[in-house]
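Chemist: From first to last, the protein sequence lines stand for chains A and B. Going by my numbering, the first sequence opens with residue 10, and the numbers climb by one from there. Going by my numbering, the second sequence opens with residue 55, and the numbers climb by one from there.
Derived by calculation from the structure, the hints in this document are not laboratory data. Some clues are possibly wrong.
Derived DSSO-like pairs: lysine-lysine, alpha-carbon spacing no greater than 30 Å straight-line [as the list claims (entries may be wrong)]:
1. B/260 / B/212
2. A/69 / B/148
3. B/260 / A/69
4. A/21 / B/260
5. B/217 / A/69
Label pairs and their calculated CB-CB ranges [as the list claims (entries may be wrong)]:
6. B/63 / A/22: 44 to 54 Å
7. B/72 / A/45: 46 to 56 Å
8. B/187 / A/48: 12 to 22 Å
9. A/77 / B/235: 26 to 36 Å
10. A/48 / B/268: 28 to 38 Å
11. A/36 / B/196: 47 to 57 Å
12. B/180 / A/45: 46 to 56 Å
From the derived model, a few chain A residues whose C-beta atoms are all more than 12 Å from chain B [to be verified]:
13. 31
14. 37
15. 40
16. 44
17. 59
18. 71
19. 82
Glycine included, each C-beta is placed from N, C-alpha and C at the ideal position.
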Amino acid sequence: MSKARPQELACKELVELLTEFLDGALDESSRTQVEQHLVWCPGCTEYLRQFRATIGATRKLSEEDLPQRVRENLLDAFRHWRHGS
Amino acid sequence: MPDEARGGALALLSAEDRALVERLRAGDERTFLAMVEKSHRTMVRVALGYVSSEAVAEEVVQEAWIGILQGLDKFEGRCPLRAWMFRILVNCAKLRGSREARSVPFSALESENTEGEKRPIESFRPPDDPRWPGHWAQGPDRWADERLADAEALVRVKAEIEKLPPNQRQVITLRDIEDWDSAEVCETLQISEANQRVLLHRARTKVRQALAGWAAEGAP
Numbered sequence: 010m011s012k013a014r015p016q017e018l019a020c021k022e023l024v025e026l027l028t029e030f031l032d033g034a035l036d037e038s039s040r041t042q043v044e045q046h047l048v049w050c051p052g053c054t055e056y057l058r059q060f061r062a063t064i065g066a067t068r069k070l071s072e073e074d075l076p077q078r079v080r081e082n083l084l085d086a087f088r089h090w091r092h093g094s
Numbered sequence: 055m056p057d058e059a060r061g062g063a064l065a066l067l068s069a070e071d072r073a074l075v076e077r078l079r080a081g082d083e084r085t086f087l088a089m090v091e092k093s094h095r096t097m098v099r100v101a102l103g104y105v106s107s108e109a110v111a112e113e114v115v116q117e118a119w120i121g122i123l124q125g126l127d128k129f130e131g132r133c134p135l136r137a138w139m140f141r142i143l144v145n146c147a148k149l150r151g152s153r154e155a156r157s158v159p160f161s162a163l164e165s166e167n168t169e170g171e172k173r174p175i176e177s178f179r180p181p182d183d184p185r186w187p188g189h190w191a192q193g194p195d196r197w198a199d200e201r202l203a204d205a206e207a208l209v210r211v212k213a214e215i216e217k218l219p220p221n222q223r224q225v226i227t228l229r230d231i232e233d234w235d236s237a238e239v240c241e242t243l244q245i246s247e248a249n250q251r252v253l254l255h256r257a258r259t260k261v262r263q264a265l266a267g268w269a270a271e272g273a274p
């Protein structure tokens, strides 16, 4: 046995599993490992919090406005399509 | 029955999608503009996965909108409206991409992502660490939560997403900006779940990184 605790996840491994963890895509035993690790590791707990906050911040990009020019061009295309058909 | 003559019966569509299609067919501009508002940017980011520049992606998306309008009367509603729209988009983008590949030097397609990765602020102990291999050497600094509500956070997130490799940008756009579920993203981009998660994870990791140093300033 080269590793003292083969079932234990290192922080470096845990951070790579977070997307699968959040998607509910981990198998039962990996998920339990992640959950147990998070109980005692403040570094990974903070990292997970930041990872979630990042996803939340990214989500806000959906509220961006579109340039007027794009809207007008497409509206022209729409009118043209309606009248042409 | 004028409706039947117009196009497919749309019986399989959700009530919401059916109403949209019917309003579009009737020439309702507000419905069309709302759809454009909602989907246009996403379509550009997805198109960027197949073509070389933002300008070309914009053109492709224009083309796709026209294709969508032209197909609308014949649309039978065998899949959700959004899936159908994005299928048209992806087809347009792939076609343009393959035409471009013959004229654009390959290096131009890759040039965006060659810059060096930023060094993480936090670090891990080496694998041969006697006590805690792979655990934090320097854990992440706490973030000041209010900073994430700042407009600056959005600017940083957006800039980082624009720097991502195109396939990572596609996935984070659909999953995290647009909140699509994993299955729909895989179907639209024709990639496996596992591949999709790897791309998403890399993208999220970089975006988090882009926020990290800044968000930690002024934290308690």
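Chemist: Decide, hint by hint, whether the structure agrees.
Modeler: Taking the hints in turn, this is what the structure says about them:
no.	hint	in the structure
1	B/260 / B/212	12 Å, holds
2	A/69 / B/148	28 Å, holds
3	B/260 / A/69	17 Å, holds
4	A/21 / B/260	15 Å, holds
5	B/217 / A/69	18 Å, holds
6	B/63 / A/22: 44 to 54 Å	52 Å, holds
7	B/72 / A/45: 46 to 56 Å	48 Å, holds
8	B/187 / A/48: 12 to 22 Å	20 Å, holds
9	A/77 / B/235: 26 to 36 Å	32 Å, holds
10	A/48 / B/268: 28 to 38 Å	29 Å, holds
11	A/36 / B/196: 47 to 57 Å	31 Å, violated
12	B/180 / A/45: 46 to 56 Å	24 Å, violated
13	31	9 Å, violated
14	37	18 Å, holds
15	40	14 Å, holds
16	44	17 Å, holds
17	59	6 Å, violated
18	71	5 Å, violated
19	82	7 Å, violated
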